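Residue numbers (full-length UniProt numbering), protein chains in the order written: chain D, 1 to 227; chain V, 1 to 605.
Calculated directly from the structure, the hints in this document are not laboratory data.
Check each hint, because a few of them may be wrong.
[What the hints assert, rightly or not] DEER-style ranges, computed between Cβ atoms:
id	chain 1	residue 1	chain 2	residue 2	range
1	V	Glu565	D	Leu49	30 to 40 Å
2	V	Cys384	D	Gln11	45 to 55 Å
3	V	Ser151	D	Glu127	25 to 35 Å
4	D	Glu74	V	Glu273	27 to 37 Å
5	D	Ala30	V	Asp85	55 to 65 Å
[Stated by the list, open to error] Here are some chain D residues pointing at chain V (derived, C-beta under 7 Å):
id	residue
6	Pro6
7	Gln11
8	Arg58
9	Gln92
10	Pro128
Just so we're clear, the structure is a prediction, and the values are computed from it rather than from any experiment.
We treat Cβ as the ideally placed atom computed from N, Cα and C, and that holds for glycine.
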Amino acid sequence: MAGPRPDERPQPTARRNAEGIRVDPDAEAARPRRTAVISALVEHEPGVLSRVSGLFSRRQFNIESLTVGPTTVEGHARITLVVEETDPGIDQAKKQLMKLTPVIAVGELGSDAVRAELVLLKVRGSEPDKVHAITEMYEGRTLDAGPRTITVQITGDERKIDDAVDAFRQFGIIEIARTGQTALERGDSPTTPGEEPGHSAATDDAAADGTSADGDATDQTTPNYDD
Amino acid sequence: MSESANPTADPADPDEADEADAADGAEPADGARTPDGAVAAAATPENGAAAVVAALESADVQTAFGVQGGAIMPVYDALYGSSIDHVTMAHEQGAAHAADAYGVVAGTPGVCLATSGPGATNLVTGIADASMDSDAMLALTGQVPSHMVGSDAFQETDTTGVTAPITKHNYFASDSTTVGDVVGEAFALAGTGRPGPTLVDLPKDVSFGETDRAPAAPTPPERSVPDPEADAESVEAAARAIERAEKPLCLFGGGVIKGNATAEARAFAREHEVPVVTTMPGIGSFPEDDELCLSWAGMHGTGYANMAISHTDCLIAVGTRFDDRLTGGVETFAPGAEVVHVDIDPAEISKNIEADYPVVGDAGTVLGQIDAAMERSPAAREWCEQCADWREEYPMDYAVDPDEPVKPQFVVEAYDAATGDDAIVTTGVGQHQMWAAQYWTYTEPRTFVSSHGLGTMGYGLPGAIGARLAAEDDREVICFDGDGSFLMTIQELSVAVRENLDITVVVLNNEYIGMVRQWQDAFFEGRHMASEYDWMPEFDKLAEAFGARGFRVDEYDEVAGVVRESLAYDGPSVVDVHVDPREDVYPMVASGGANGEFALTGDQL
Ligand SMILES: Cc1ncc(C[n+]2csc(CCOP(=O)(O)OP(=O)(O)O)c2C)c(N)n1
């Protein structure tokens, strides 16, 4: 075959980066990762959780936590995912999620969204008063107290939970269980685009008089099927 | 007919009671008795299995490929007397590939069936293959009865679990009344938007269960039906970018063919005089004998296509997912180009290559929209000349020496010359696949049927069977196979013989798994570990043993005659061509390398 050898051919000097983006001086720096909270409204059918988690593992998305629970609409569930990725990675994760047939809508939550996590901590029971003081400080609840162990529950945003876990370390943490974050968009904005909450007058009333004042995360996902 | 001696055995399951005549008086242990005590059979179509078949019929399925077995028997029984032509394959992998190729050629989803467990797992390679190539296909698998699911029952596999990552969507049927609707939905979904394989797992009790409901018309889930039109703003932006380009280049992928957009794609390129490269799955989207066509780009694409990709300033990419066999290293892929990316699947946009101008929508519709939005064609005269020069500089050729073994490229060209434009080529995977792609001049869509994304050896023969059954009788179907690839699914020759399918299998026999041998020579200092296949059977004789015609070619002067005879033979024939075992595939872009740095010989790698 004829034609110049590879090193004798005109070659372009331009480049892309590893993400396939044409390199301009600003973009050349490696993209920083950020943490994104993604909420997916899905059909509540068998296998949907494994489809979602399978998607994340096979596409190598860096998943921090995943929570799931029913919504006010019968047959729907909400999956809240926390991922740590670059911007294109987060974008890709959302699009891939949206491709799954049982996925109804996908939204990324804004930084001011309401987020909460629940943690159960079992610590040594030798200093009950001190444990109680810390529990109070973090507005937690003691769920079980015995001579050897005390188990408390703390809810709140991730930062508060991290701080609380640190504070309890002094007693010696025996066991810990964290749920991972769950989140909703603030005010009137839907958590996933186009989401139409199914609610009854009773639900509206409950919302109006501000239940869940104690911040109990489980209350936020309790389904209400009485319509 | 004898009763089963073993009262606990399921006589409907030949795997357990092979002497029982399943069609006669068999009592399915899963409780499939009709109220009057008779066993559900074809005469009483009011069961889940009959609904499955009714759904296929209402989807206008004409041909299905599969293998029988215990858990899928009710569905097969319901096929008895159906208008659907069922082709029994030798292996379920063959059924999946045949269904895949059938779908590619016919333009409607191909259908395959398998029993539970090993039947289903044998389909897996074919489903994965279809998934990687976005081929529309419906797989129906039998499953153990619902109450036994999860118990590790005989021939149980978590089929929906196994196939979740390789299907567009899969379903576990749980109700006889709705199973027909589910199958219809799965069929429709396979062909909607970006096509892909879907699967319905059918527990035996659901198939046997009574229902008198006719399945709804096959309809995809509403959410899965994409809007064909792109938004006007993105179209405008793309049109402006194309207008101002000086070195525009169209890149047509498999999506152009799958989206039936070849007419629009051809019109667009010709109207604006933009040179065209295709991807390998995009072969046939643009006629390779058109002077605008630079053939296909990528690892073994033409030098001129790869030069054009490297130097374009505006890449109009339609229906491609920027696979790494196309791009080489992403850092060097079309590095100076603004990328206009048209795709029906938003998730493909900026997945591998950042799109400067994303345009989400149906390929044909969007090309029409962009064309309408363009006020002028790009001024690309000089660029077109440059592309023509590259074509001169890097011609596709090879040396013929009558005293040497036959060059495989020569054989490909000989068959191309002897057949019409609508002939269909299928291939296995390896060097022969590349030669079939390089040295055949494709001018029509759906004429090059191959395993692209997964690269499955053994695709060629079952693919040819599927293509043959989808195509009109007067079209030629030729399978270029490698000796290694052919051996992987050679048993399907029995099917071609039984069905008397007019297929010509041309084995480019180099007694190597040649592509591996080529890489070993290039990157492993010629250590041919496990790539020498010098114990190859004589394929022409093997063909005769199967009942097909066999031909053998050792010399150049035998080629023309055998080409003529094998094409003239009205039935399956196998041509064992002993080609030059040392021949390598060039040009070649090393994995992850720059497209413009393609090697023309081994020492340029
Ligand atoms: C099922 C499968 N196994 C292994 C491979 C790896 N592989 C790619 S090409 C190739 C060699 C193919 O040999 P052959 O079919 O004889 O074709 P040739 O390259 O000699 O034309 C192999 C082993 C593959 N692609 N598919």
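I'd like to know which numbered hints this structure contradicts. Please list them from smallest to largest.
Those not satisfied are hints 1, 2, 3, 4 and 10.
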